[in-house]
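Novice: Which chain is which? The protein sequence lines are A and B, in order. The first sequence begins at 1 in the numbering used here and counts up one residue at a time. The second sequence begins at 1001 in the numbering used here and counts up one residue at a time.
Check each hint, because a few of them may be wrong.
Unchecked claim - Quick list of the computed label-pair ranges, beta carbon to beta carbon:
#, chain 1, residue 1, chain 2, residue 2, range
1, B, A1229, A, P57, 34 to 44 Å
2, B, G1377, A, E40, 50 to 60 Å
3, B, A1085, A, H117, 43 to 53 Å
4, B, D1230, A, P57, 36 to 46 Å
5, A, A108, B, F1100, 41 to 51 Å
6, A, K89, B, S1344, 43 to 53 Å
7, A, G37, B, I1161, 52 to 62 Å
8, A, E40, B, S1156, 52 to 62 Å
9, A, P12, B, K1258, 48 to 58 Å
10, B, A1315, A, K89, 15 to 25 Å
11, B, A1254, A, S44, 54 to 64 Å
Claimed, not checked - Below, simulated SDA-like cross-link-like pairs (lysine to any residue); rule was C-alpha separation at most 20 Å, straight line:
#, chain 1, residue 1, chain 2, residue 2
12, B, K1077, B, Q1117
13, B, K1272, B, Y1392
14, B, K1149, A, D48
15, A, K23, B, K1026
16, A, K23, B, L1165
17, A, K89, B, K1427
18, A, K110, B, D1157
19, B, K1166, A, Q114
20, B, K1149, A, K3
21, A, K23, B, L1057
22, A, K110, B, S1287
23, B, K1149, B, R1168
24, A, K89, A, M55
25, B, K1026, B, L1057
26, B, K1166, A, E25
27, A, K23, A, M55
28, B, K1258, B, S1287
29, B, K1351, B, D1300
30, A, K3, A, Q114
31, A, K28, B, L1396
32, A, K89, B, H1139
33, A, K23, B, K1149
34, B, K1427, A, Q87
35, B, K1017, A, Q87
36, B, K1179, A, P106
37, B, K1149, A, K28
38, B, K1166, A, D48
39, B, K1258, B, Q1219
40, B, K1298, B, A1267
Derived from the structure by calculation, the hints contain no laboratory data. For clarity, every value in this text was computed on a predicted model and none was experimentally measured. Ideal Cβ positions, reconstructed from N, Cα and C, are used throughout, including at glycine.
Listed below are the residues making up each chain.
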Amino acid sequence: MRKSVLIVEDEPFILEALSFLLKRERLKVSTFTDGKGCVEYIQSTKPDLVILDMMLPNRSGMQILEDLRAMDAFTSLPVLMLTAKGQKKDRAAAEQAGVSLFMTKPFANKEIIQNVHRLLGK
Amino acid sequence: MPRSLLGTRIRENRRSKKISQAALAKQAGISASYLNLIEHNRRGIGGKTLLALARVLEVDPRSFIEGADQALVGRVKQAAAMVPAIACEVDKTEEFIARFHGFARLIGRQFDRAKVQDETLQAVTDQMNSDPFFSEAMHLMLSNITTIKSTAEILSDDQDITVALKNRFLSNLLTETEKLAQTAADILQHFEPSTQEDGISSDSAPAEAILEKNDFFIQQLEGNFISPADYTARLNLPKADEDEAIDTLVRYSAIIRKLPIDDFLSAAKTYKYDPVVLSQKLNVSLSVVLRRLAHLPKHDEIPRFGIMECDGSGAVIFRKQLPTLALPRYGSACPLWPIYRSLSQPLQPIKAFINTPTGERFLTYSLTQYVDQNTIGLPSRTTAIMVFTPDYEMFLTKPEIALQPNLAVGLQCSVCPRVNCEARRAKYLLQ
């Protein structure tokens, strides 16, 4: 069965590029562009992996991650946080909140695909 | 004058004329051993002997007595103080200047340059650290670059991509490249203070820039010859800037009405520019007096006062800088500045002398007042004001100045060389 990945990203062209890359890897891709309602969307779709932008409208990626980790169903859900905020303190905060992997923008396509496969256990 | 410089100067003068110590001593009618002690600064020198030595060396005796360029002495000492790790022989500064005048001038010049660079760096780091525009622009740029990089890699690596998809990605690339170019241009414009045709710098808030252009003293408003609205209308500012400028000039006009300049200057001179006394004598609030001090005419006999106003969060809301004390435009300055102490002591005026790392000293008065004390159910908002002057010697006597303790402060951590400062919150970038 194809693994599913949810990309939460508000930049449309990054979303488009990432979607293309992951679909090419034969993954099932869904997208979400807003911080608000994101947790509920994850609850209803139950993806195998979430790629989460840190800076989102209405609710930050960090808050979403904290919400997820507070739920029993998502304590071990792989979350790859993708952000333009690559300072040490941001990375530390994300790790503290329970991120599975922290990647900074701009990323190399090959690198993100490798990491997605690794987090999906492929 | 320090004894050390006197002996050293005699020695240097003698050497430059290639006269032996013994010969000079003989001609001046003193013993060679006594001259040796004088030249090595181990003995004082009487007027008669000094005149005799000057006569033999064919120099004006005042050239021995007059101190070295005191400004240069100060600058060399300040340069030494900037790098305390190198324990310079500060007590021998005057001797050093006398012996190696060229090198001393070089140090002075380098010190001046370093100061200018410090101030520039301060302004830039200030913006980079605290400027919401810059932070947002950087985020936008990184997003643009991410799209461009990722999309370009797809186009480069994937040979089997459909024509439609290829065109779609090429269109995305073009759009993001244009956005990136625009963001870069916006950042450049933001960091490069431009000057409008009327000479008003756009680095400052519009109203502040108008005041800066007029040295914070607008004669037409002082004389009530024109209203703030009419004055602003002549400047052809954009609507939003015009509204802000009118608000600021209306506040300035209110100060003028309460404290007309001639009466205020007369009282200020009488009461030694002490804002607390002036407030009592002139029966106006202390905040009005403090603000009035920032709006004085430029004159050799009138001390210069700068001002900084911030809200309860420390964000600067109004400022008048002086050439020797740069104030932050965004974010906050050194946490040791009295204005921040004042925030925790509303309504309590604070008088303090502050010393900057480059050796400038300022007399400051700070006050925090409530903006809306009577709002039920909401925390009271406060505004803090600090006025400062480097010209305190114009109205305070030396004993009065000596009585005041000095508070060692910085400008901002990134450009502050003070080691072991408990208030430090960021690294010194010039280390």
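Novice: All the hints need checking, so say for each whether the structure fits it.
Specialist: We went through each hint and held it up to the structure:
| no. | hint | in the structure |
| --- | --- | --- |
| 1 | B/A1229 to A/P57: 34 to 44 Å | holds (40 Å) |
| 2 | B/G1377 to A/E40: 50 to 60 Å | violated (34 Å) |
| 3 | B/A1085 to A/H117: 43 to 53 Å | holds (52 Å) |
| 4 | B/D1230 to A/P57: 36 to 46 Å | holds (44 Å) |
| 5 | A/A108 to B/F1100: 41 to 51 Å | violated (57 Å) |
| 6 | A/K89 to B/S1344: 43 to 53 Å | violated (27 Å) |
| 7 | A/G37 to B/I1161: 52 to 62 Å | violated (33 Å) |
| 8 | A/E40 to B/S1156: 52 to 62 Å | violated (38 Å) |
| 9 | A/P12 to B/K1258: 48 to 58 Å | holds (56 Å) |
| 10 | B/A1315 to A/K89: 15 to 25 Å | holds (22 Å) |
| 11 | B/A1254 to A/S44: 54 to 64 Å | holds (60 Å) |
| 12 | B/K1077 to B/Q1117 | holds (19 Å) |
| 13 | B/K1272 to B/Y1392 | holds (9 Å) |
| 14 | B/K1149 to A/D48 | violated (26 Å) |
| 15 | A/K23 to B/K1026 | violated (102 Å) |
| 16 | A/K23 to B/L1165 | holds (13 Å) |
| 17 | A/K89 to B/K1427 | holds (16 Å) |
| 18 | A/K110 to B/D1157 | holds (10 Å) |
| 19 | B/K1166 to A/Q114 | violated (24 Å) |
| 20 | B/K1149 to A/K3 | violated (26 Å) |
| 21 | A/K23 to B/L1057 | violated (94 Å) |
| 22 | A/K110 to B/S1287 | violated (62 Å) |
| 23 | B/K1149 to B/R1168 | holds (15 Å) |
| 24 | A/K89 to A/M55 | holds (15 Å) |
| 25 | B/K1026 to B/L1057 | holds (12 Å) |
| 26 | B/K1166 to A/E25 | holds (18 Å) |
| 27 | A/K23 to A/M55 | violated (24 Å) |
| 28 | B/K1258 to B/S1287 | holds (12 Å) |
| 29 | B/K1351 to B/D1300 | violated (24 Å) |
| 30 | A/K3 to A/Q114 | holds (15 Å) |
| 31 | A/K28 to B/L1396 | violated (79 Å) |
| 32 | A/K89 to B/H1139 | holds (16 Å) |
| 33 | A/K23 to B/K1149 | holds (18 Å) |
| 34 | B/K1427 to A/Q87 | holds (16 Å) |
| 35 | B/K1017 to A/Q87 | violated (65 Å) |
| 36 | B/K1179 to A/P106 | holds (16 Å) |
| 37 | B/K1149 to A/K28 | violated (23 Å) |
| 38 | B/K1166 to A/D48 | violated (29 Å) |
| 39 | B/K1258 to B/Q1219 | holds (16 Å) |
| 40 | B/K1298 to B/A1267 | holds (17 Å) |
Checked against the numbered hints above, the structure violates hints 2, 5, 6, 7, 8, 14, 15, 19, 20, 21, 22, 27, 29, 31, 35, 37, 38; every other hint is satisfied.
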